[in-house]
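Quick note, the sequences are listed as chains A, B, C and D, same order. Residue numbering for the first sequence follows the working numbering, beginning at 1 and increasing consecutively. Residue numbering for the second sequence follows the working numbering, beginning at 1 and increasing consecutively. Residue numbering for the third sequence follows the working numbering, beginning at 1 and increasing consecutively. Residue numbering for the fourth sequence follows the working numbering, beginning at 1 and increasing consecutively.
One or more of the hints may lead you astray.
Note: identical chains are not told apart, hence a pair may lie in one copy or across any two.
[What the hints assert, rightly or not] Straight-line Cα separation of at most 16 Å, EDC-like style, residue types lysine to aspartate or glutamate; simulated pairs:
{"id": "1", "residue 1": "K288", "residue 2": "E176"}
{"id": "2", "residue 1": "K288", "residue 2": "D175"}
{"id": "3", "residue 1": "K119", "residue 2": "E92"}
It is worth saying that the hints were derived from the structure and are not from the lab.
Number of protein chains: 4
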Amino acid sequence: MAGNDGAQLGVGMVGYSFMGAAHSQAWRTAPRFFDLPLDPRMRVLGGRNPEALAAAAQRLGWESTETSWQALVARDDVDLVDVCTPGDTHAEIAIAALEAGKHVLCEKPLANTVAEAEKMVAVAEAAAARGQVAMVGFTYRRVPAIQLARQLVADGRIGTVRHVRAQYLQDWIADENAPLSWRLDKSKAGSGALGDIGAHVIDLAQFITGERITDVSGLLETFVKERPVATEFAGLSGQGGTERGPVTVDDAAVFLARLSGGGIGTFEATRFAYGRKNAIRLEINGSKGSVAFDFEDMNVLHFFDAADDAAVAGFRRIVVTEPEHAYVAHWWPAGHGLGYEHAFTHQAVDLVEGIAAGTHPAPTFADGLVVQRVLDAVERSAASGGWVQP
Amino acid sequence: MAGNDGAQLGVGMVGYSFMGAAHSQAWRTAPRFFDLPLDPRMRVLGGRNPEALAAAAQRLGWESTETSWQALVARDDVDLVDVCTPGDTHAEIAIAALEAGKHVLCEKPLANTVAEAEKMVAVAEAAAARGQVAMVGFTYRRVPAIQLARQLVADGRIGTVRHVRAQYLQDWIADENAPLSWRLDKSKAGSGALGDIGAHVIDLAQFITGERITDVSGLLETFVKERPVATEFAGLSGQGGTERGPVTVDDAAVFLARLSGGGIGTFEATRFAYGRKNAIRLEINGSKGSVAFDFEDMNVLHFFDAADDAAVAGFRRIVVTEPEHAYVAHWWPAGHGLGYEHAFTHQAVDLVEGIAAGTHPAPTFADGLVVQRVLDAVERSAASGGWVQP
Amino acid sequence: MAGNDGAQLGVGMVGYSFMGAAHSQAWRTAPRFFDLPLDPRMRVLGGRNPEALAAAAQRLGWESTETSWQALVARDDVDLVDVCTPGDTHAEIAIAALEAGKHVLCEKPLANTVAEAEKMVAVAEAAAARGQVAMVGFTYRRVPAIQLARQLVADGRIGTVRHVRAQYLQDWIADENAPLSWRLDKSKAGSGALGDIGAHVIDLAQFITGERITDVSGLLETFVKERPVATEFAGLSGQGGTERGPVTVDDAAVFLARLSGGGIGTFEATRFAYGRKNAIRLEINGSKGSVAFDFEDMNVLHFFDAADDAAVAGFRRIVVTEPEHAYVAHWWPAGHGLGYEHAFTHQAVDLVEGIAAGTHPAPTFADGLVVQRVLDAVERSAASGGWVQP
Amino acid sequence: MAGNDGAQLGVGMVGYSFMGAAHSQAWRTAPRFFDLPLDPRMRVLGGRNPEALAAAAQRLGWESTETSWQALVARDDVDLVDVCTPGDTHAEIAIAALEAGKHVLCEKPLANTVAEAEKMVAVAEAAAARGQVAMVGFTYRRVPAIQLARQLVADGRIGTVRHVRAQYLQDWIADENAPLSWRLDKSKAGSGALGDIGAHVIDLAQFITGERITDVSGLLETFVKERPVATEFAGLSGQGGTERGPVTVDDAAVFLARLSGGGIGTFEATRFAYGRKNAIRLEINGSKGSVAFDFEDMNVLHFFDAADDAAVAGFRRIVVTEPEHAYVAHWWPAGHGLGYEHAFTHQAVDLVEGIAAGTHPAPTFADGLVVQRVLDAVERSAASGGWVQP
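If we strip away everything but chain A, and leave its shape as in the complex, we get (with noise of 0.2 Å):
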């Protein structure tokens, strides 16, 4: 690796599916793309399943396996602990890591509960005391039309936010025979849209306006109560594939809100819009502009400038893939568009360099917490049928 004095960053990952094939991708690149002040080393992967856990250490490229946490979290050639696995486990292993004297990079979202976010929050700060690093992988924040947005509300391009208009829609339990998940389960999950994806997008309001939101009043949906339990499941119970388990957790979530800076905010949050395969929407009007962005044409940002003469103003399709943009001169020239999986490698670019220079990278676990409280005062909404404040 070019530019570093080859100091090494010891990586631990627990957890290997969806989320630790992202973060995995993102090790072995973000070294070969950027310059970093360390070089990330994969050292060590966490799991419980001693089988399925050596394959994937295999397939994923991570030099040695650990089947205990702790014993991951305890190791001397682990300097940064990556925790990949579902929100029940987030605070356990992010404060024995902390604890340990390890830099964290924690999923979203950061727990389950206020309560454990608070504590997490208490001890990242004593560890920040102590020149750790503690960061939660909102990672959209690092898309570079996302970053272009929050540039152009920082630099007053839109001028004062009036409305935000956020949504996340997806359809894969669209079909009502969809079988049950460990996402489906409120003690595994926490909750169901909601935490799941609406944190993503109540995340990217407030990175991308700067502001806070300081009231909502929701509603959360289950429309599907009972699904087929998955073959893995049915195996346990002996039942075969007939059998139906409960959906504990909200199929659907919507959301009104203020925000601190008097604008006003619609939110949704769905794994039922059919068609809409992970359409993250923001919409934001401010008094001079507007700026629009649609995961589902990522490298693009809609930016309307009330500025611009009125017989020539519309919005601009950005395509973000200028040397200009954020991250992009690393990558390919203009026009080669990036993928879901490069917001992975900015954010261990940016946590790598965070940790060589002393900085604390946003977000930090303190805006974990922030969104943590939205959406537990979305769920208190919900069931008081009032405004409530986070």
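Since chain A is already given, all that's left is putting chains B, C and D on it; use the hints.
Just chains B, C and D, lined up with the frame of chain A:
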């Protein structure tokens, strides 16, 4: 006019501003492209200022004028009264016309209050018993793409409705120095974005789904509390252009909703979405598919059919200009799109046919009242901070 | 009609099919939305079949009929002859009308041969010296978005033209069993896709760039050589629906071009592009920017300004419905889009204003001849296989 | 690496610029997401400048370096030579590698002349008889949306091909002060837009249709004849930044084509289309439907099926990220789009699988020659002004 036995329908219209021009074009155009059972005659235009009225009548093509709407309503040669005035006068004129035995077409929203609307419905129902027709001008129902959306839902092509996502976005007062107009004056307009444009998407959502909004939780916001008094008013006050007056209606309205079939919705109406000129957007996700519409591309409907093979499923961009589509065969060949005012012509056609057939074409005053109750519920909810039933 | 001293312009129109309906709507509508210096009166409709003609006159709103175009041209109450017949009769009627002292509006293409067109131009120039106006119906020039494109190029906003990419894509005979019509008969239509729709994009490309096509290399193709004889023809032959007749025109035409300013172009006209209904697409790239248009979204122009900062440069999606845009202030508020036939109204407006002012509004017959020569050059090139000058 | 018996495939790559970076990422990534039968090892990187080479090898992750490509080709630990140099060296290196018994992957265009390409094919065929694989890098074939287009055509879903509309639009030298580079030097690059980017759309058009281009009529243009000499060259001349040198290749290439199945095509390649960054656009219309693709939205294919009911027919916007789509199941869940370099990984996967299976995955050198002959025919046609057969 071809295709009828020469029987005429005398039309008297009150108001000659934006809506008056659109209705005039509809009355003139309808018999040229459709075989109508009655020949509409543009008999008389009503308004208060004699000079402006005369000029408007000449420009818009009306045979005569009346400076008193009461006189217009009383004329023997008027069979139908077309009410294109601000909302505060709808009830009085429409009721008088119905009581005088005339058919009535009344612009939306039906009235400025539920009480007025209820009175109008009662009078309309009594008139219906006497064979009179009363229709409210939710014109966008008659855009061919909206008709197709309704048809697909009615045919079960998207299954059970789970999500409605409805927005009406404009930007005409996003500039905080845009002047006051009667549309920003509660005493004239009743409400702001909510009633003026929100009413349209409320009606469209209910029309397309065939369902009712049963519960709402809303928020109204006035971003710009004072605005320059427009020249015409300023002249009256004698104080010139620096005077500012209060905005007494909402600039934007957002609300969550529950639908009678178990689905949920998000609704938004605003005049502060810079870059969105007349973006009436509706997306409806069901258990078998989705439909999506944006008036900025008004000749197109997007339809996702979950029954399509996964490898070739995708939102179909249907150019709704085929002979198979509602109204289209009367106009141009495929691909030669219609514009804003064509829906007014379709409205005139359906109204004339209803009158001749003795049926009561929707949207009736009762349909208008349903919308009025939702508008009222949103206002009550915004005031109370909780969920409210229309 | 407001704004004129009552002077009238008597219009006689020959032909009452698709184009006749569009022109009728224009004559009727123009004085309602624009202050015209002369009041157009729909005096007389010409056609051969008395019954069909009478029905059309009633439906389209013409005061009287003539079954002989010669009689129509000779009438004293006709000031302007509007020629909406197939191309093989344009020259004869237009020349007679001009020689009878009438103004003429002639549908495109101007004629079926260059020789005819040249004669028409000569007669029109002599008539012009007598104060008569002759215009050819390249109506799409008067779509507001096209006007904006022309304005941007004329203002130097895209610099020197380097590329023209012009397509007119339809699919109405993509089905090989679509029946024969006069448009597929060389003796009536002169050519196929080339003259019928290719003529439009040739004219638009030259209009927007302000340049001439100086060299072409083309290819014509007839994919389906025989088609079912349509019922109306079949009836004449007495042989029923299984008869097939020859297609004697091109199904598709493609050609390369050099432009007078040094740029190059690709042109395509086809009726075999399944899914494209009336896709008139123009993209022009210059040394400072680009414009792009697609009639399937006719109220929009896309404009890329290379002077914009690289980080925020992008094609602007300009919704061409602002008061600043050509013709628009006479219609509806921003975002309330126009449809196909509005350009015909704009054509009528400009023609009437030209007549009143004694100017010669483009496109003149000479402009029509320029297009005719390009069409002819493409045919000669397709025959010879080499480059040809128009 | 999982799933193979540990057999390795030693890779030596010559060149480490843009293409070298893309190929390196592919070699590193392929075994992490796909179960490969052989484990590719990044053994050696070749280049002339020792310092730049060493830095590149470290950055891109190659185990060793060779400053002589002859030495690289001769190495025992190299099983496959990956040629990422400018086109003037392809023939020499690839032939030497094949003669040394290596498999070869060669960047496109295969060579700078037909004669070179023919020699390469002859050598490759001899090598094939010995079990060696030779592939040319028309990478875009392996974008999933392109694979789907090919599949739909092969399955007869669009019927007989009638139209191909192929464009490759960039704007990186639209600014006439953009500096000279080797890509603008005929002795290095062979041709300009034609060979560099036109080659891609020629290959894609033939790949998707499964047909050959049989006749072409073309035009080449160099809009900007002289450009500033880039700093690196200027330094050599000692004359600083004001020096200008000649552009010896085409800036843009356009041509018409006939296809072996009776269809016709228009092709365009340019680097002067302001606002188009890497717009590889293909639309193919057949007798039963159409497909359309634009690399600016690379995870999407548009498909029109004429068999759909007319009322609901429309181009389907297929988000090509379903498990049913080629390669996709190895990456992320639906909607999590791929980027530019993923197609290089797919290319590496198919190449490794071909080597292990003893098959000869397309595009072979013979496929590359087919494209070369079309490029040559376009140049001959542009010179002669007539139609030419490849």
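Between K288 and D175, at a C-alpha cutoff of 16 Å, which is it: within one copy, between copies, both, or neither? Intra 42 Å, inter 8 Å, cutoff 16 Å: inter-copy only.
When Cα atoms must be at most 16 Å apart, do K288 and E176 count as within-copy, between-copy, both, or neither? The answer is between: 10 Å across copies meets 16 Å, while 44 Å in one copy does not.
Quick one: K119 to E92, C-alpha cut-off 16 Å, is that within a copy, between copies, both, or neither? within (10 Å within a copy, 64 Å between copies)
Of the hints listed earlier, there is not a single one the structure fails to meet.
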